[in-house]
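Peer 1: On the provided structure of chain H, position chains L and D as indicated by the hints.
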Amino acid sequence: MEKTRFIESTCEILKQLRECSPLVLCLTNSVVQPITANLLLAAGAAPVMLCDDKEVGELVAGGATGAFLVNLGTLSEAQAQTMRTAVEAAGARVPWVLDPVAVGALSLRTRFADELLKKKPTLIRGNASEIMALAGFGASARGPESTCGSDAAVEAARKLAAQSGAVVLVTGAVDYVTDGTEVFAFGNGNALATRVTGVGCSMGALAAACLAVAQTPLEAAVANALIMGIVGDIAAETARGSGSFAVELIDALYNLSENDVRARARIL
Amino acid sequence: MEKTRFIESTCEILKQLRECSPLVLCLTNSVVQPITANLLLAAGAAPVMLCDDKEVGELVAGGATGAFLVNLGTLSEAQAQTMRTAVEAAGARVPWVLDPVAVGALSLRTRFADELLKKKPTLIRGNASEIMALAGFGASARGPESTCGSDAAVEAARKLAAQSGAVVLVTGAVDYVTDGTEVFAFGNGNALATRVTGVGCSMGALAAACLAVAQTPLEAAVANALIMGIVGDIAAETARGSGSFAVELIDALYNLSENDVRARARIL
Amino acid sequence: MEKTRFIESTCEILKQLRECSPLVLCLTNSVVQPITANLLLAAGAAPVMLCDDKEVGELVAGGATGAFLVNLGTLSEAQAQTMRTAVEAAGARVPWVLDPVAVGALSLRTRFADELLKKKPTLIRGNASEIMALAGFGASARGPESTCGSDAAVEAARKLAAQSGAVVLVTGAVDYVTDGTEVFAFGNGNALATRVTGVGCSMGALAAACLAVAQTPLEAAVANALIMGIVGDIAAETARGSGSFAVELIDALYNLSENDVRARARIL
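Chains as they are written, first to last, in this note's numbering: chain H, 1 to 268; chain L, 1001 to 1268; chain D, 2001 to 2268.
Just chain H, same shape as in the assembly (with noise of 0.2 Å):
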């Protein structure tokens, strides 16, 4: 059954993020380095990040770095290219995540995302108006936040895996998984995550670490959707507004459980 299955290769990538501690090489916007740095340390795994050209190239060209996330929130050229050598000595030994941040909103990240698209990365993580840009069906995002549930763009996610070859993961009020054929869906969560700024670009670093010690990009986004989804809702049970959100979010992935995970998972 798909449910036990999710549920224990979850379980598995929570202990093996905190046996292997993956190195997980961030290329992502200035406003979210710190809780990224923050949330993944507190899962495990062991977060990098760069913005030297050379420095990028050697550190993925070394094979040191379990995995790496191209997030596009604070883009520029000189970063663009940064990630270009990223993706280019990654070839395809290394996955990576995508995180289209507000694209369909601003035209550049909008082409450099089609660029980055035709060099397969390994998972895609968006919100519903980011995901439908994507895909072609001209979603109108407005800034980074999206103008519609994510329920609106499961088929834009389910075509944008099909002719991609990633895994995409659309989060929102209910997070879904697809890898172009079947669609899973989530209900954990809690909409204080988006008034505290970085919990999404968090979860598509988280997603790197997952694909840094995962079976498969299924389970890698099953697992990043799962756990960010229930340290959400224990998150929420205590804080009084989004600044202790924040706060608590963080302790409850350093402190979450297999038995949090199987208690607690809502797999829809």
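Because the hints were derived from the structure by calculation, they are not lab data.
You may find that some hints are simply not true.
Partial chain D-side listing against chain H, Cβ under 7 Å, derived [said to hold, decoys possible]: (1) LEU2106; (2) GLY2241; (3) SER2244.
Beta carbons are placed, not taken as given, at the ideal position from N, Cα and C, and that holds for glycine.
Peer 2: For chains L and D alone, kept in the frame of chain H given last:
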């Protein structure tokens, strides 16, 4: 009576921030991006931060952003160019805030602030040293901190407002708002805010959010002073130091009610 | 007796940080800027972060900054140039700290750290891998994390101090301080600090703040090790995970008393 008018316009702005969730472009320094985004999200606004010149021009020209912030904290030549692009694209259509961090202490930004001043910012927020330097009173700031109390800058603020056409907000133990004719003083707030990086800079960002929904720049500046001062008062009641103060501040803004504004406003 | 001397000099430095509030320029990586600024503010110091080459030169040459930090975490060619400018402007007048993040793991920064070493940093802070690499012991770091305990780097630290003229601080489960002749060991601190991004990097910044007010670089390094170790101990007593640990750490530093230092110092 002014007091009642200001309290009611502040309550209305608070309500509008949550109902309209204005998109606010923050061209700000790298140190304060996370807290700036988190405070705007807690207030109900939708922050967006970009660094590419073309994307900034596209966003502002496209009319998506309700207002924007120009904060000189970690100014570079490239960022100055992006700020020029935003200001040109805005024309007289999109209101914007100038936060002249450390102007007076460093010459590149002092010259650039003078250049920006001619482009007619809608609102200027600074500490006493910065406002005095910008007004040509020859203050000697000490990095990003003020070397004197806000009282010392009232005359400079009034002159700056009269000459530039901007509403000026001087922040300190007492916050002053002036349109060049009248000066209003606000007594809320706690000194712990000066021990958390980015509270002042986030105030500039919240000023932009208020501009996006306010009837007048004067009401936006007043709402900004009252809201940030009151959440500072609330946060200080439970904070155990500057670390928990930052968390409580965000929670307080997230939970701020119109009744809190009415009960706590200290209009002097 | 050394113990008493170190405790008294640390108490004096703590007092001076709060009374003099030294301006500390942090040329540091983009990930850790917020926590670095917040920990310096909690200690009483006044952080300033700039990225423009001319502004950095102007600030250091003008004598406003009491000390500065050079942290290689997200090094770029442009930032390397700014760091050269700061070091040249400092001459022998302004003390500075070198934090050789991930040196040994990446070649650009390894070469640049060697170049900086010839410019006579006052104090060097690193983990075991970084200090061993900088001393030419051929360590293989793994991104920003050390691959061995601090004990393994004691001999490398002593050699590095003797050759460079800098006081060297190796941080880890035990912190070691050496001037090239004597080695002192400090046992405070908690492993949770390794699960929060920027605690180590902030320690380099606090070392610079201590240099700005200390009688000698050795006393500054000792105060740095004791203060950060003790606040780590205090924070760990109430933290519920790595998220709340970060908040508690800042609160603990904000509230740290001389009596805490006297009661808790673990000089081995």
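Peer 1: Which earlier hints can't be squared with this structure?
Peer 2: none
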